[in-house]
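Visitor: Generate coordinates for the entire structure from the input sequences, incorporating the hints supplied.
Listed below, chain by chain, are the residues.
Number of protein chains: 2
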Amino acid sequence: MANELPGMNLKAIGIVRNEVNQVTTGGYDWQDVVSEVVIDRSLTEALDNLDEFSHIIVLYWMHRTSRQPPHKMHPKCRHELPLVGLFATRSPNRPNPVGKATVRLLQRQGNVLKVQGLDAIDGTPVIDIKPYIPGYDSVTDARAPKWITKR
Amino acid sequence: MANELPGMNLKAIGIVRNEVNQVTTGGYDWQDVVSEVVIDRSLTEALDNLDEFSHIIVLYWMHRTSRQPPHKMHPKCRHELPLVGLFATRSPNRPNPVGKATVRLLQRQGNVLKVQGLDAIDGTPVIDIKPYIPGYDSVTDARAPKWITKR
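Quick mapping for you: the protein sequence lines, in order, are chains H and U. For the first sequence, the numbering used here assigns the number 173 to the initial residue and increments by one for each residue that follows. For the second sequence, the numbering used here assigns the number 173 to the initial residue and increments by one for each residue that follows.
Since the hints were made in silico from the structure, they are not lab data. Keep in mind that the hints are not guaranteed to be accurate.
No copy labels: a pair is met if it fits in one copy or bridges any two.
To be verified - Once the Cα atoms are required to be at most 27 Å apart in a straight line, the calculated BS3-like pairs of lysine-lysine come out as:
hint, residue 1, residue 2
1, K183, K318
2, K244, K286
3, K244, K183
4, K244, K318
5, K318, K286
6, K248, K183
7, K248, K318
8, K183, K286
Guide: Rendered as structure tokens:
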């Protein structure tokens with residue numbers, strides 16, 4: 173398979189600003205964290221109408237991770253949880269460290285989006301912003317194993 | 173803002189196979205389209221346990237799009253819909269053409285995932301596979317404007 177396709181390079185369109193500088197293994201409670209997503213000023217107009225949505229999807233580059241992790245792992249590094257395939261987890265360590273978060277959009281002011289629940293540390297490069305569309309992005313009858321949600 | 177960060181290059185981890193070769197402006201009804209997502213054989217083991225989930229998230233590279241689209245547009249090229257900011261739409265033409273689809277996982281067989289509803293044409297490079305986690309990926313009280321869902 174052609175792994176190295178030409179042109180698959182990303183440009184940061186913005187950056188995450190919050191008070192979280194580091195995350196220890198095992199996770200962090202992001203639910204109430206408020207972040208600013210500061211978008212490049214040249215793209216300000218492209219954010220128009222985004223605040224008609226209550227929630228948005230943020231794609232970001234998890235810049236402090238390993239791109240060559242083991243293919244099997246214990247979720248959240250917890251050894252009491254089963255050993256599973258990397259792609260069955262949301263581990264930030266993956267071949268392409270692109271994170272995807274669905275967050276509440278609290279406010280848009282010019283090129284700055286204030287959001288709640290974004291699980292990305294301060295300084296994280298932002299790749300894309302998309303509106304969250306109920307029905308397209310959500311599933312009513314989805315099934316997931318218990319180990320993925322275990323705290 | 174530092175737009176060109178080092179190392180933000182993607183590797184295809186797989187490719188989409190289906191019978192859709194081209195999409196005309198205005199969209200396509202993808203709901204019933206069945207695709208095969210063929211993952212690089214070296215990553216087969218990393219797919220273990222994925223089939224414990226009914227739905228997965230596919231990130232893919234929309235390779236036949238423009239990366240320098242206008243910042244304001246009519247959704248789906250329909251002029252009766254309002255002129256809105258690019259990031260308030262799901263247009264495939266965006267600075268970083270990374271698509272995100274939530275799809276039903278019908279079957280996993282070795283390095284091949286059979287999925288339903290993936291809105292990507294044949295030959296689309298795949299960047300990442302994530303499990304869909306109800307509650308984390310879904311929002312119960314989300315609000316969206318009418319123009320985004322209008323057919």
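Visitor: Decide, hint by hint, whether the structure agrees.
Guide: Hints, verified against the model:
In this homomeric assembly, K183 and K318 never come within 27 Å of each other (Cα to Cα): the closest approach is 37 Å inside a single copy and 31 Å across copies. When the C-alpha separation of K244 and K286 is checked against a cutoff of 27 Å, the pair qualifies only between copies, where the shortest distance is 21 Å, while the shortest distance within a copy is 36 Å. With identical chains, the CA atoms of K244 and K183 are at most 27 Å apart between copies only, with a shortest distance of 20 Å across copies and 30 Å within one. In the homo-oligomer, the alpha carbons of K244 and K318 lie at most 27 Å apart inside one protomer (18 Å), although the nearest pairing across protomers, at 43 Å, exceeds that limit.
Taking the shortest Cα distances, K318 and K286 sit within 27 Å of each other only across copies (23 Å), while inside one copy they are farther apart (32 Å). For a Cα distance limit of 27 Å, the shortest separation of K248 from K183 across copies, 25 Å, qualifies, whereas the shortest one inside one copy, 29 Å, does not. Taking identical chains as interchangeable, the C-alpha atoms of K248 and K318 lie at most 27 Å apart only when both belong to the same chain, with a minimum of 14 Å there against 39 Å between chains. For the homomeric pair K183 and K286, the shortest alpha-carbon distance inside one copy (21 Å) is at most 27 Å, but the shortest distance between copies (31 Å) is not.
Against the hints set out earlier in the document, a violation occurs for number 1 only.
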